[in-house]
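Top to bottom, those sequences are chains A, B and C. According to this note's numbering, the residues represented by the first sequence are 15 to 360, in order. According to this note's numbering, the residues represented by the second sequence are 15 to 360, in order. According to this note's numbering, the residues represented by the third sequence are 15 to 360, in order.
The reader is advised that the hints may include incorrect statements.
One copy or any two copies: either way a pair holds, since identical chains are not told apart in the list.
BS3-like cross-link-like pairs, simulated, lysine-lysine; straight-line CA separation at most 30 Å [stated by the list, open to error]:
(1) LYS36 <-> LYS61
(2) LYS36 <-> LYS47
(3) LYS47 <-> LYS61
(4) LYS159 <-> LYS193
Hints were generated in silico from the structure; no laboratory data involved.
Each chain is listed here by its residues.
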Amino acid sequence: MIREMILQTYTPAPIEGTFVGKHIVTVDQFAHKDLEILFHATMSLRKRVREHDRGLTELCAGRVMASLFFEASTRTDLSFQAAMRRLGGDVIGASNGVQFSSVYKGENLADTVRAAGCYADVIVMRHPQQGASFEAAYYLDKLNKRIDNPTVLISGGDGIGEHPTQALLDMFTIFDRKKKFDDLTITLVGDLRNGRTVHSLAKLIARYGVTNTRLAFVAPDSLRMPENICEIINTSGVETYETDNLMDVLDSSDVIYWTRIQEERFENPADYDAIKDRFIMTPELLKQAKADAILMHPLPRKHEMGTQSDHDVLDEDPRAVYFEQMENGMFVRMALLAKVLRGVYV
Amino acid sequence: MIREMILQTYTPAPIEGTFVGKHIVTVDQFAHKDLEILFHATMSLRKRVREHDRGLTELCAGRVMASLFFEASTRTDLSFQAAMRRLGGDVIGASNGVQFSSVYKGENLADTVRAAGCYADVIVMRHPQQGASFEAAYYLDKLNKRIDNPTVLISGGDGIGEHPTQALLDMFTIFDRKKKFDDLTITLVGDLRNGRTVHSLAKLIARYGVTNTRLAFVAPDSLRMPENICEIINTSGVETYETDNLMDVLDSSDVIYWTRIQEERFENPADYDAIKDRFIMTPELLKQAKADAILMHPLPRKHEMGTQSDHDVLDEDPRAVYFEQMENGMFVRMALLAKVLRGVYV
Amino acid sequence: MIREMILQTYTPAPIEGTFVGKHIVTVDQFAHKDLEILFHATMSLRKRVREHDRGLTELCAGRVMASLFFEASTRTDLSFQAAMRRLGGDVIGASNGVQFSSVYKGENLADTVRAAGCYADVIVMRHPQQGASFEAAYYLDKLNKRIDNPTVLISGGDGIGEHPTQALLDMFTIFDRKKKFDDLTITLVGDLRNGRTVHSLAKLIARYGVTNTRLAFVAPDSLRMPENICEIINTSGVETYETDNLMDVLDSSDVIYWTRIQEERFENPADYDAIKDRFIMTPELLKQAKADAILMHPLPRKHEMGTQSDHDVLDEDPRAVYFEQMENGMFVRMALLAKVLRGVYV
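Modelling step: build the complete structure from the supplied sequences, incorporating the hints.
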């Protein structure tokens, strides 16, 4: 298969301080310095949005973003659109949803992406299959050699592959609330085997380089963090701790990153029943966390935060920062769009 | 249920001359003075659109509207988008239709609305369930306490609940064509039991306060205007007249507001057959109306205006103002958006 | 039927040098001079896009385009949106796809189009039924007599009817690469009986008026170019040549316009099997074409260009211009939008 060949051979350009014109498909492109640049720009842009600074709309005026969502994703989709608009840029997308467009009449991804590439300056793509973002970047490189106006790809997540902008907004939120990445216990909870969000976040923390920060992985034994991810983290000098019991780390965690345990992945319902209660965040449980801890969640949330009444109580707790985290998604994406399209200091 | 609790306890803020930052979910928020302000702004904006006044795009420049349509509605959807664009604002929406997005993977309305609230300045929401707009407003209030950039909700209709902007554009159209609300016979025809459009319009006329204006309700006995609406109207001093025979009032009506009788609501087809012919507007019927009457319809229309050939004849009649009514929808929504977002004199 | 009456009696206005306010529904509206004006504007706009000329956004600022796609079409849809945006105009569309909107609850096309006409300055419509664009234009004319802000229709293709903007972009691409329309052999390959793209292109070449240019039609006997199209072309003085064997003309063709043979149209699979191999463009086949030939394709492509690996080889050939052709689609549509909305020299 062509996609497998591409996944094995295509290396996206590392940022190395320069974002302009680079596809964003994996957190592996980011080093410490790149994250600093991005987070600095994010804070600056957030301030300017809140001040209703009209100069913002100069940053991407005249540029066009194509939204190619081959599967739905409310937050990624809406926040990228809002980000581009707030920078003065424009957004195009298939009027009937791209999943109903010619791609489903048999056109391959390579051609659909290049169609959007002919009309747009940047493509934000979400796709259900791992590696799709690498394939899209590979074919855009071919197109960019042919047409005058090169087009950049930003991945909005590809299947169980990566979701780099989610990891970037998660990192930014930790930095925004804790003002540091050192000297923290960051606890990731839930299905750590299949959750691309937690993989990318863990890798990004390792890539940033931290001192005296510990990653705690809380998961049922069958859903532990994959070994290759653990290895990357340990190699970077970050200490890790694994447990299937949240109580081991709850009262020492500075950051609690909650995710869903997907019941549907369990072959044996009894296995799920045996563990599920330890992986539901409730108001009672949050009482046992540190007074200055932050509770994060990539959303959407379901049963892993109890009922809607439980949500209502949790949401009132100042430690629950998942709405701010969601809002930060727009600001981080604004910074990324401005950087890859214009490269300007923002 | 949380929604029922909210419907019983949540009171949306009355306008009282100040629109800025207020959710728009029911006509009960509007008093005489508020309608005057809104209609004045509507006329001013309509004039400026027709003059291609470029200064219009300053009114909502840099502001973002999220379109959340959980069910389709061509006119409400397109006219709100066009309204925001013509004011210089931007529009975001789920690329694949919100009904396919995470809300349908199990996310509750409270969270989906708050996601949009993190990215947009105003949300226009259409929902098939009564009370959904109150619930959305309630949760946005919670979010607005947490984030710096408060978000306003405007209801685009929620099930058999209210459709406040339809009532506002209907009122404006009457005022626009008749130059007054006093001394009129306003006749509402069709399914007055289930039609939210006619409920809201009747309530709004009562709230405005009129002199010597009569509301005539023409409906089959089984589809009469609900008693609680009649009571509100009578309490306000507006005279009402009920009949199942259009001929009783056709030649004395100044405003004829036509709506559909939904065949599918009849348990017994014979009941429908017995009445249907008296509730179809045709060119022959319109001949019997006053020379200066206006014929309104919220659209879409089907059999209640006969065949497409009948439509073609009716459409040529200068008394048929439903296209102007439809166009006014955009202008009223422009006024509302400018008012809730900026509060400025427009 | 009303649509048939309209198709027989409605004559769209010829351009005759003036585009402003005219519906674009058929190539029959264009004469030599009109194409010259349009292609001149296209080149100018392309240059300005590539220079990131910010003055472009003045051309359609404050104007609104409604996208009504009753069937999906990635390229037509995205390129029209991008075209309008790059001219500074705005785009509205049904949030859930127009095919799910009230038109599918029984509203007729005449009313849906007029709803969009109340809010937008131009409507781009794609429809699966032949004649739909004529019907839409006919009813917009009626609406335009009623409201102050007239709305123009541009057809994005209607069933097996016409797809005029595809023919215009095809023509432009030939002119752009060959710098002339005279002294060429233009070869159209594939299903010439059912392909509206090749019909419109052939008619447009005839309307332009060319000297010493030959049209070669390569198709299986059962899928030959319809006689009425051949007659139009011959009447115009263009020489035609018909064959079912590409080899007869491949090495003398200056333009090779490839299209798909739709296997599903064959009643007898053996008939398809007997011819299919002569209608697949491959790298080996392209080797036998002239060194300065151009290979065009309206896209999307499937088996008629072999496998994805074949695509990859063909795409590298400088004679394969279908990506440039696709990109030109946006520029031609920009020129058309600017011309019908503003009429200004661009």
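Hint check:
Taking the closest pair of Cα atoms, LYS36 and LYS61 come within 30 Å of each other both inside a single copy (26 Å) and across two copies (24 Å). For the homomeric pair LYS36 and LYS47, the shortest alpha-carbon distance inside one copy (16 Å) is at most 30 Å, but the shortest distance between copies (43 Å) is not. When the C-alpha separation of LYS47 and LYS61 is checked against a cutoff of 30 Å, the pair qualifies only within one copy, where the shortest distance is 21 Å, while the shortest distance between copies is 37 Å. For the homomeric pair LYS159 and LYS193, the shortest alpha-carbon distance between copies (23 Å) is at most 30 Å, but the shortest distance inside one copy (43 Å) is not.
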